[in-house]
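Number of protein chains: 2
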Amino acid sequence: MRIATIYQPVREDLAEVEKQFKLIVENQRAPFPEFHEMLSHVLVGGKVIRPSLTLLCGKFYNYDLVELLPMATASELLHIATLVHDDAIDHSSVRRFRPTVNKIWGEEKAILLGDYLFAMAGKFAAATGNLRVVKLFAETLRVISRGELKQSFSAFKLEQTFDDYLERISAKTAALFSMAAESGAVLSQAPEESVQILKDYSFNLGIAFQVVDDILDFIGTEEEMGKPGGSDLSQGTLTLPAMLLLKHYPEDNPVKRLFEDRDKRENIAPAIEAVRNSSVIDECYQVASGYRDKGCRNLKLLPDCPGRRSLAELADYIIQRKR
Amino acid sequence: MRIATIYQPVREDLAEVEKQFKLIVENQRAPFPEFHEMLSHVLVGGKVIRPSLTLLCGKFYNYDLVELLPMATASELLHIATLVHDDAIDHSSVRRFRPTVNKIWGEEKAILLGDYLFAMAGKFAAATGNLRVVKLFAETLRVISRGELKQSFSAFKLEQTFDDYLERISAKTAALFSMAAESGAVLSQAPEESVQILKDYSFNLGIAFQVVDDILDFIGTEEEMGKPGGSDLSQGTLTLPAMLLLKHYPEDNPVKRLFEDRDKRENIAPAIEAVRNSSVIDECYQVASGYRDKGCRNLKLLPDCPGRRSLAELADYIIQRKR
Numbered sequence: 001m002r003i004a005t006i007y008q009p010v011r012e013d014l015a016e017v018e019k020q021f022k023l024i025v026e027n028q029r030a031p032f033p034e035f036h037e038m039l040s041h042v043l044v045g046g047k048v049i050r051p052s053l054t055l056l057c058g059k060f061y062n063y064d065l066v067e068l069l070p071m072a073t074a075s076e077l078l079h080i081a082t083l084v085h086d087d088a089i090d091h092s093s094v095r096r097f098r099p100t101v102n103k104i105w106g107e108e109k110a111i112l113l114g115d116y117l118f119a120m121a122g123k124f125a126a127a128t129g130n131l132r133v134v135k136l137f138a139e140t141l142r143v144i145s146r147g148e149l150k151q152s153f154s155a156f157k158l159e160q161t162f163d164d165y166l167e168r169i170s171a172k173t174a175a176l177f178s179m180a181a182e183s184g185a186v187l188s189q190a191p192e193e194s195v196q197i198l199k200d201y202s203f204n205l206g207i208a209f210q211v212v213d214d215i216l217d218f219i220g221t222e223e224e225m226g227k228p229g230g231s232d233l234s235q236g237t238l239t240l241p242a243m244l245l246l247k248h249y250p251e252d253n254p255v256k257r258l259f260e261d262r263d264k265r266e267n268i269a270p271a272i273e274a275v276r277n278s279s280v281i282d283e284c285y286q287v288a289s290g291y292r293d294k295g296c297r298n299l300k301l302l303p304d305c306p307g308r309r310s311l312a313e314l315a316d317y318i319i320q321r322k323r
Numbered sequence: 001m002r003i004a005t006i007y008q009p010v011r012e013d014l015a016e017v018e019k020q021f022k023l024i025v026e027n028q029r030a031p032f033p034e035f036h037e038m039l040s041h042v043l044v045g046g047k048v049i050r051p052s053l054t055l056l057c058g059k060f061y062n063y064d065l066v067e068l069l070p071m072a073t074a075s076e077l078l079h080i081a082t083l084v085h086d087d088a089i090d091h092s093s094v095r096r097f098r099p100t101v102n103k104i105w106g107e108e109k110a111i112l113l114g115d116y117l118f119a120m121a122g123k124f125a126a127a128t129g130n131l132r133v134v135k136l137f138a139e140t141l142r143v144i145s146r147g148e149l150k151q152s153f154s155a156f157k158l159e160q161t162f163d164d165y166l167e168r169i170s171a172k173t174a175a176l177f178s179m180a181a182e183s184g185a186v187l188s189q190a191p192e193e194s195v196q197i198l199k200d201y202s203f204n205l206g207i208a209f210q211v212v213d214d215i216l217d218f219i220g221t222e223e224e225m226g227k228p229g230g231s232d233l234s235q236g237t238l239t240l241p242a243m244l245l246l247k248h249y250p251e252d253n254p255v256k257r258l259f260e261d262r263d264k265r266e267n268i269a270p271a272i273e274a275v276r277n278s279s280v281i282d283e284c285y286q287v288a289s290g291y292r293d294k295g296c297r298n299l300k301l302l303p304d305c306p307g308r309r310s311l312a313e314l315a316d317y318i319i320q321r322k323r
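Listed in order, the protein sequences are those of chains A and B. All letters in the first sequence, in the order written, are residues 1 to 323 by this note's numbering. All letters in the second sequence, in the order written, are residues 1 to 323 by this note's numbering.
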């Protein structure tokens, strides 16, 4: 299933979101050319899953594009802002096949660009004119940054449980997926039970998405992903594949050796190899599929519309994707 | 004039803001002790000028503390968030007599703490239930981060005009002062002309405040200021004192030598000395006083209340302060 086909019911709306992005970029061209360049570097070419969720979840009931489009724009801007900060924090060099903002302009300017994008996201959320959505937006940013901090404090720690992992990825990924869906539902005056169904769908989709992300960091190729693999282990982030490997091979485990002697960069490759050559990848895919199924379970209770089918297909796409 | 006397009309309200800060800190004690420590490190002991502005400007008309207090809290949180990021960007080691967040926990965690504080500020702004105020909040963060970026891109550039300087400090300081006042005025249902008077007052106060800040970076002692002086020059930030020195002594100027050969750290002390031993400090104080006067000009058009007197006194305090 091609992603363009899945997005078909909101294709024109996504083009409008893209137009807003172009406007944000163009507005800085004359007054601040260096900034214009930074913005045009980051405001292109994402998977646009989050704005699609806002739009798809926002079309079951009485929607008004005047409210829905700004929120879709806010969902993607918030996502990009967190990516800019994440890359600065991780000192990453490559994303989406291109050098990161921090690689080109330095970490200092990446921090400020991220702040600017948070502000723009906030402006678009406020432009919906809906206070519940604005509050949800602020709360989501709070949860995400706290989750990232928690991850940062747990770096290179071996004693982490599956629940710790779940808490971490709920905050850093599923919260934003959930916000994207809930805001769309709320803005289209969905009844509270439907809001809850769409929120649950998207939250579980977010969990599945992150589990697959964590798998791809082990098995994906740089050509497919547009960024180097193995970044989680080198940051000391214990994700599900490594966690399961530790569980199955508690003695003499290459992940254990890496975390206990983190300065030895040569410990990374054996750890990645060990995960790849084990059954944990399959196991992780089963976990991801479980969350996908859990998320999709109640979609059938929603009114039938082209968007509903897309949501189900998107859930499959998220498991199968190679980047 | 002691600052406590100036704040007298809003003393109890400021205590409530402090209570909110304590709550933010305490809420993390059990679930996330490391984060609790970070929050308790930054959420104490500022000059609380910005929340005082929200409160003082919010008491001329029909105010409701249920709206005014969250906004005062938001004003200070937004300020602290920008400080945390600024210190990370400048790699500063000391603020308010204590090590900075980035010094203790590293720049990576400082970025995330700042993001969290932006989110909390946004939550409190949204808690006012007033969309105009929420939009103003987001726009202010946008202006601040863009201004900081502009400053960052103009580092070590000699060809800057007074207008460039004014644009820069309008964005990085006066915008937040202005927001603090405007939000208070709006929430207390001030007529539009009064909103404008309070906004102008606070904006000009912000300019005066930043000019004095830039003076103190040259003449203040570390004992008084709680942080080392000369930081602007070492960051390559051309502030008014250095700018005026360049204007008066265009040839063989130590600031020029420093900016042209920024790696020579020994060029900093002579540049600071040259500013101190010149008339530019007096000149800068005249500029600051001019903005104070401009800001206070129309205060007399507002209803007479204890807060009005405090605003005038605060303007004088801002010029005279030693830190």
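No wet-lab data here; the hints were simulated from the structure. Glycine is no exception: its CB is placed at the ideal position from the N, C-alpha and C atoms. It is possible that some hints are incorrect.
[Claimed, not checked] Every beta carbon over 10 Å from chain B, so not counted as near; a handful from chain A, in silico: (1) P9; (2) I89; (3) R146.
[Said to hold, decoys possible] Covered, in the sense of this in silico footprint (three residues per stretch, anywhere, with C-beta under 8 Å from a C-beta of chain A), are these stretches of chain B: (4) 9-18; (5) 277-285.
[Unchecked claim] Derived pair list, reagent style EDC-like, types lysine to aspartate or glutamate, alpha-carbon separation capped at 16 Å: (6) K157/A <-> E222/B; (7) K322/B <-> D261/B; (8) K157/B <-> E34/A; (9) K256/B <-> D232/B; (10) K157/B <-> D261/B; (11) K322/A <-> E192/A; (12) K150/B <-> E37/A; (13) K150/A <-> E37/B; (14) K150/A <-> E34/B; (15) K150/B <-> E224/A; (16) K135/B <-> D304/A.
Now the hints, each set against the structure:
no., hint, result
1, P9, "holds (30 Å)"
2, I89, "violated (4 Å)"
3, R146, "violated (6 Å)"
4, 9-18, "violated (count 0)"
5, 277-285, "violated (count 0)"
6, K157/A <-> E222/B, "violated (39 Å)"
7, K322/B <-> D261/B, "violated (31 Å)"
8, K157/B <-> E34/A, "holds (15 Å)"
9, K256/B <-> D232/B, "holds (14 Å)"
10, K157/B <-> D261/B, "holds (11 Å)"
11, K322/A <-> E192/A, "violated (35 Å)"
12, K150/B <-> E37/A, "holds (13 Å)"
13, K150/A <-> E37/B, "holds (13 Å)"
14, K150/A <-> E34/B, "holds (9 Å)"
15, K150/B <-> E224/A, "violated (36 Å)"
16, K135/B <-> D304/A, "violated (36 Å)"
Of the numbered hints stated above, those contradicted by the structure are hints 2, 3, 4, 5, 6, 7, 11, 15 and 16, listed in ascending order.
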